[in-house]
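Both chains are given apart, each in its own frame, so use the hints to dock them into the complex.
Sequence lines, in order, name chains A and B.
Numbering of the first sequence is given in numbering that gives the first Met the number 0, commencing with residue 0 and proceeding in unit increments.
Numbering of the second sequence is given in numbering that gives the first Met the number 0, commencing with residue 0 and proceeding in unit increments.
Worth flagging that the hints you see were computed from the coordinates, not collected in a lab.
Keep in mind the model is a prediction, meaning the values are calculated, not measured.
One should not assume that every hint holds.
[Unchecked claim] Derived lysine-lysine pairs resembling BS3-like cross-links, with alpha carbons at most 27 Å apart:
| id | chain 1 | residue 1 | chain 2 | residue 2 |
| --- | --- | --- | --- | --- |
| 1 | A | Lys-164 | A | Lys-70 |
| 2 | A | Lys-115 | A | Lys-214 |
| 3 | A | Lys-215 | A | Lys-53 |
| 4 | A | Lys-5 | A | Lys-53 |
| 5 | A | Lys-234 | B | Lys-8 |
| 6 | A | Lys-53 | A | Lys-70 |
| 7 | A | Lys-115 | A | Lys-164 |
| 8 | B | Lys-8 | A | Lys-115 |
| 9 | A | Lys-226 | B | Lys-8 |
| 10 | A | Lys-5 | A | Lys-18 |
| 11 | A | Lys-164 | B | Lys-8 |
| 12 | B | Lys-86 | A | Lys-164 |
| 13 | A | Lys-226 | A | Lys-164 |
| 14 | A | Lys-214 | A | Lys-138 |
| 15 | A | Lys-78 | A | Lys-43 |
Now for the letters of each chain:
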Amino acid sequence: MSNLVKFQIYRFNPDVDKKPYMQDYSIELNDEDNMLLDGLMRLKEQDDTLTMRKSCREGVCGSDSMNINGKNGLACITKIADLEQPIVLRPMPGLPVIRDLVVDMTQFFDAYNSVKPYLINDNPLPEAERLQSPEDRAKLDGMYECILCGACTTSCPSFWWNPDKFVGPAGLMQANRFIMDSRDQATEERLENLEDPYRLYRCHNIMNCVEVCPKKLNPNAAIANIKDLKIERAKENDSSDSTKPAKKIFGITIG
Amino acid sequence: MVIQLLTRKYPGMRLWLSQRLTALVMAAYIIGILILLAITQPSGHAAWHGFFAPIWFRIATLVFFVCLFMHAWLGVADVLKDYVFNKTLRAYMQIGVDLLLVLYLFWLSFILWNM
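Isolated chain B, as found in the complex (with noise of 0.2 Å):
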């Protein structure tokens, strides 16, 4: 299977795969979630609320969330590696990425859970 390239033994393609299963989760959730609008069309606090009611919905989310986050720390480990040289001052920047993700992880585990 494909998940061996997910192991440190493939420093570069793990990260570079990483970013593309990831983006394939939030493909799907987008589809699934335009899908469910299109049929619920909730209008309204109470639709909403209900929309995201469901436990299975709120997992869902969050999933979709933890990709969305993982994708862009694989972005911006990237993107810092094309253009900071410094390698202090490019595991501070990266530090500073990774508690603003970790903290937005937890808002948004939050608001799915404190509706």
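This is chain A alone, in the form it adopts within the complex (with noise of 0.2 Å):
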């Protein structure tokens, strides 16, 4: 049985090219070729000018996201099988190219960098570890296995009208993870970080991301719990303070 397929990859060496182009190619693939990436590998024997990232193949580092027929994907654990023909792959959008299907990932890792993804905690160190309840670990679940494939942020419209000012999806789950994980002592600091119009609040709630992620997580829901547990935060900050001063709503002075 024939096992031909076909793709039409997008090009671009801006060394030699003026512009991008696709190109199509046809390959015989062999039986053991199930995923994107195998056909990837053996386009590349034929044609090693062709260039990707890649690494663990098997949808843990993230590294050869990229966009499958019109959708952000990993190609390591994207079947071939399922795919219409010919696969059209481009470079995930919104980000600088540098050659082929490899991105600049540089703002992606700046928004994340932007949120602190770490504990901060300025208790002393323990002499093990700092532990944590069953019930508060759970909470970290569907957030802490991102994978940081950039797919989320980069199919979403907001990331790429503000890639500089809007934390976007990935970035945005990550500061929902470490403000939710109970070791972390940072909360107000971090709820403050998002407060200016850009970093938290363009995010119109379209879903994108939910929509590509390759591990299935879902940072529209981490996002709306930043949104809600701010409005808590400012109940509980309210009830907790009895000497509050005078506050203005669109100029008028309340309270």
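And the structure:
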């Protein structure tokens, strides 16, 4: 049985090409070449100028995220049999292309780093580890699994328009991951860090992030949780603060 | 109370929350007016005139439209933030929308109080 697979792949080498173009490929795959990454590696044997990232080849490292038939995903865990042909491959949208399917993820990681994605706890280090109850640990489920492939953030139009200001779904989910961590002591600071009208509030809930996440995570729920938490915190602060200064709402003094 | 989230201390939250609060007011009015319409079933000019005659109903209608205009203002501001990067152009476009909404508000008030 013929195992011919057709591809249409975005090609761009800034040293040589004036502008990007789509290149057609047809390749006979072996029976064991089930995944898209297998096909790409066969193609690379045929044309070694084709450039992409890959590493673990099992959906853990997030290196080979790309736009597959119009939808972001990981080549290594996408079955060729599930794809319409020709398989159209492009780099992830919204980030500068370095070459072919490789994008410059600096903006993505800048946004990620801006939420301080690490535990902040000023207490002296315990001898062994900072303990957590199973219930508190369970609150991190659905967030800690993120592999930072960038599929969600680069499929978000809000990130396309404001990549320098909007944190993006991946970064915001990590912000929520540390906000929800019982061992973290910087919740107020983290919420404050997301208060400007761009960093969190550019999310308009179109849920592309949920649609494309290869790990089946839900960044949109994490973003909603941050907003809910802000409201909860405001209620708590208000009930504990008996000496409230006068406030202004759209210029009108209240309280 | 959540009201402190509408202060300048929360520049992002107050816009987001205002949009939702105005939506709640609009939803309440729409449900109310649908119930009233189902009960009274006005037909013809005189009946509609009578429907809007009570002062409390005109005030409620005005509140509904003020919320609608605020909701629209917030929505347009959001869209402009997303797509218009030139700050001067964005400010002019926002002013244009502001003027239009104020004009609508005067027009609406004129309609409600000159029936």
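Structure-based check of all given hints:
1. This hinted pair checks out: A/Lys-164 and A/Lys-70 have alpha carbons roughly 24 Å apart, not beyond 27 Å.
2. Between A/Lys-115 and A/Lys-214 the alpha-carbon distance is near 22 Å, which keeps this suggested pair within the 27 Å criterion.
3. For the proposed pair A/Lys-215 and A/Lys-53, the alpha carbon gap of about 20 Å is at most 27 Å, so the pair holds.
4. Restraint check: the Cα-Cα separation between A/Lys-5 and A/Lys-53 comes to about 21 Å, which is no more than 27 Å; the hinted pair holds.
5. For the given pair, A/Lys-234 sits about 15 Å from B/Lys-8 by alpha-carbon distance, which is consistent with the 27 Å threshold.
6. Of the pairs offered as hints, the one joining A/Lys-53 and A/Lys-70 holds, with about 18 Å between alpha carbons and a cut-off of 27 Å not exceeded.
7. About 15 Å separates the Cα atoms of A/Lys-115 and A/Lys-164, which keeps this hinted pair within 27 Å; it holds.
8. In summary, the hint linking B/Lys-8 to A/Lys-115 is supported, as the alpha carbons are separated by about 22 Å, within the 27 Å threshold.
9. For the given pair, A/Lys-226 sits about 15 Å from B/Lys-8 by alpha-carbon distance, which is consistent with the 27 Å threshold.
10. Simply put, A/Lys-5 and A/Lys-18 have alpha-carbon atoms about 23 Å apart, close enough for the 27 Å limit, and the pair holds.
11. Distance hint between A/Lys-164 and B/Lys-8 is fulfilled; the C-alpha atoms sit about 19 Å from each other, no more than 27 Å.
12. Annotation: proposed proximity of B/Lys-86 to A/Lys-164 holds, straight-line Cα distance about 15 Å (limit 27 Å).
13. This hinted pair checks out: A/Lys-226 and A/Lys-164 have alpha carbons roughly 18 Å apart, not beyond 27 Å.
14. Between A/Lys-214 and A/Lys-138 the alpha-carbon distance is near 17 Å, which keeps this suggested pair within the 27 Å criterion.
15. For a cut-off of 27 Å, the pair hint linking A/Lys-78 to A/Lys-43 stands: about 18 Å separates their Cα positions.
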